[in-house]
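> One line per chain: the protein sequences are A and B, in this order.
Mapping the first sequence onto this note's numbering, position 119 (from 1) lands on 107, and the numbers just tick up by one.
Mapping the second sequence onto this note's numbering, position 230 (from 1) lands on 340, and the numbers just tick up by one.
Mixed in with the good hints there might be a few duds.
[To be verified] For lysine-lysine, the following DSBU-like pairs were computed, each having C-alpha atoms within a straight-line distance of at most 30 Å:
id	chain 1	residue 1	chain 2	residue 2
1	B	LYS298	A	LYS98
2	A	LYS152	A	LYS98
3	B	LYS137	A	LYS152
4	B	LYS298	B	LYS200
5	B	LYS324	B	LYS154
6	B	LYS137	B	LYS154
7	B	LYS298	A	LYS127
8	A	LYS152	A	LYS43
9	B	LYS324	B	LYS391
10	B	LYS324	B	LYS137
11	B	LYS324	A	LYS272
12	A	LYS152	B	LYS154
13	B	LYS137	A	LYS272
14	A	LYS127	A	LYS210
15	B	LYS154	A	LYS98
16	A	LYS272	B	LYS200
17	A	LYS272	B	LYS154
[Stated by the list, open to error] Computed far set for chain B versus chain A, every beta-carbon distance over 12 Å:
id	residue
18	LEU192
19	GLU254
20	SER367
If you are wondering where the hints come from, they were derived from the structure by calculation, not from laboratory data.
Virtual Cβ for every residue (Gly too), placed ideally from N, Cα, C.
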Amino acid sequence: MHASIKGSRISTVIVSGVTILSALIFLLPVVLVVSASFTDENTLTLQGYSLLPGKWSLEAYRYILVNATQLYMSYRITIIVTLVGTLASLFVTSLLAYPLSRRSFTLRSKITFFVLFTMLFNGGLVPTYIWIQQYLELKNTFGILILTGLLSPFYVFIMRTFFKTIPDSIVESAYMEGAGEWRIFATIILPLSLPSLATIGMLTSLNYWNDWFTTLLYIEDKNKISLQYLLVMMMSNIQAAALNPNSITTAAKMPAETARMALAVLSIAPITIVFLFFQRFLVKGLTVGAVKE
Amino acid sequence: MGMTLPGLVYLVLFAYVPMFGLVIAFKNYNYSTGLWNSPWVGFKNFDFLFASQDAWRITYNTLFLNFLFIFFGTIASIGFALLLNEIRIKVLSRFVQSTMLLPHLLSWVIVGYFVYALLTYNGLVNNILGYFGIEAIEWYNSPEYWPAILTITAIWKMLGYNSVIYLASILGISSDYYEAAVIDGAGKMQQIRYITLPLLSPIIIILVLLSIGKIFYADFGLFYNVTRDMGMLYSTTDVIDTYVFRMLRTVGDVGMSSAAGFYQSIVGLILIVTANFVVRKIDREQSLF
Chain A
-11 MHASIKGSRI STVIVSGVTI LSALIFLLPV VLVVSASFTD ENTLTLQGYS LLPGKWSLEA
49 YRYILVNATQ LYMSYRITII VTLVGTLASL FVTSLLAYPL SRRSFTLRSK ITFFVLFTML
109 FNGGLVPTYI WIQQYLELKN TFGILILTGL LSPFYVFIMR TFFKTIPDSI VESAYMEGAG
169 EWRIFATIIL PLSLPSLATI GMLTSLNYWN DWFTTLLYIE DKNKISLQYL LVMMMSNIQA
229 AALNPNSITT AAKMPAETAR MALAVLSIAP ITIVFLFFQR FLVKGLTVGA VKE
Chain B
111 MGMTLPGLVY LVLFAYVPMF GLVIAFKNYN YSTGLWNSPW VGFKNFDFLF ASQDAWRITY
171 NTLFLNFLFI FFGTIASIGF ALLLNEIRIK VLSRFVQSTM LLPHLLSWVI VGYFVYALLT
231 YNGLVNNILG YFGIEAIEWY NSPEYWPAIL TITAIWKMLG YNSVIYLASI LGISSDYYEA
291 AVIDGAGKMQ QIRYITLPLL SPIIIILVLL SIGKIFYADF GLFYNVTRDM GMLYSTTDVI
351 DTYVFRMLRT VGDVGMSSAA GFYQSIVGLI LIVTANFVVR KIDREQSLF
């Protein structure tokens, strides 16, 4: 008996050790990029990437913050798109999900299938691209940055499941008192669903914040280049140079590699900070709907 | 109800119209004349696509790489869920879970930067190799390493998320089973082997089946950003999604691009419906329809 308790204690230590170690290995690339961003450019070129800066320098950040009008523009458009997009998306998603959650809604199964089918089959990139740029003429518009992520069938179904937990009796008694559909939705359903709206809103805002594909496809206008796509362009320097007319003359002095890394750090910082503050809520929210219960 | 209208209009415009647009694969598309006035060419685009080496290569890469992600990803996630389940210190368990979920929040663009810092010529990996006296490798010019690199990267990003899902199922197993097993003298390994894994198997099978349903679709962000879209690597990293994009936007061959896209949509539909059909047989609740 004594031996087995001792044995289990040792195994607990081993298990904890292994797990912590792997968590740290998980963070290793993050540390590497942060470290590179604080390294002196010449040192990085000569000594290569390491987990601690060979020679500390803030030059990359100074360079970025002084020179990058594009960075400010990209931050601005990304923040605006994330805010407007998340609100618009929550509005459209909940409006569609609510009727689908009510048993009394006669078209329920037909509309459910209409939404579901888009999860099974889609036109793919070519027809979508041609339709949006040639027929809807949404290229280089603010609208397309919002529209591509506006409605996800998956979130509609998750939200429908949330709404289903609200008892029918509440809705029925509101009917009795003469409240209309919209009024019930706005004054009863939405206030009761704030936690679920927050969860879906969090996932949606993350998608908007991380979106670079929409910009890759539809945006050439400097004012509307999202933060993530700015990073894509930084990776392939040539395009970035084309955008910045001064870059050829400043290229010699520009801390290229460290500046790239600093830009990456600046773009993950907001997510990481939000993550640290809302950790518990996030872990629950992120996995919502992954396994139906 | 009028409430559904904005959502339905959106789906018509951004999902259903493009579905009908798939007919473009049977046309010789001309940007200036538009879809209706471009001439029909029957299966010509498909003839070109399947006569080329491309069709075979992108199909193979898509299936093979997704298979690697599913196979190793599932094993790693279950393994990690079992480890997390053994941590008795709550704070520690939460710390590890959060740390591992962080990659899930980051975009593939950022992950591309991480991989770059590791694999560029003076990156960390080559520095470590150099320390052991091994010659540096030009990773971005060596396609043979990329199935492994992409698998590790994909697992790194999804492991936290997937193991939290498996962990939730493990925590749902009644403690009665384990108590009975302990009385019968079963050790930790035996408990895992004879209780946890068998009770976990329905959810494992379902999640794997659902992934197989999506096996014809590759994660564009992963393949485009992590490989930095390097032409040298296409032989092992070019998948249907990157091919369709490149043909459309870089090469400008709408015919090849739309044929490959059509091929993906149809095979994708068949796979997803079949997978869900099987899932439905196992557990109705988990199926999409």
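> Which constraints among the numbered hints does this structure fail? Numbers only, ascending.
1, 3, 7, 8, 12, 13, 15, 17, 18, 20
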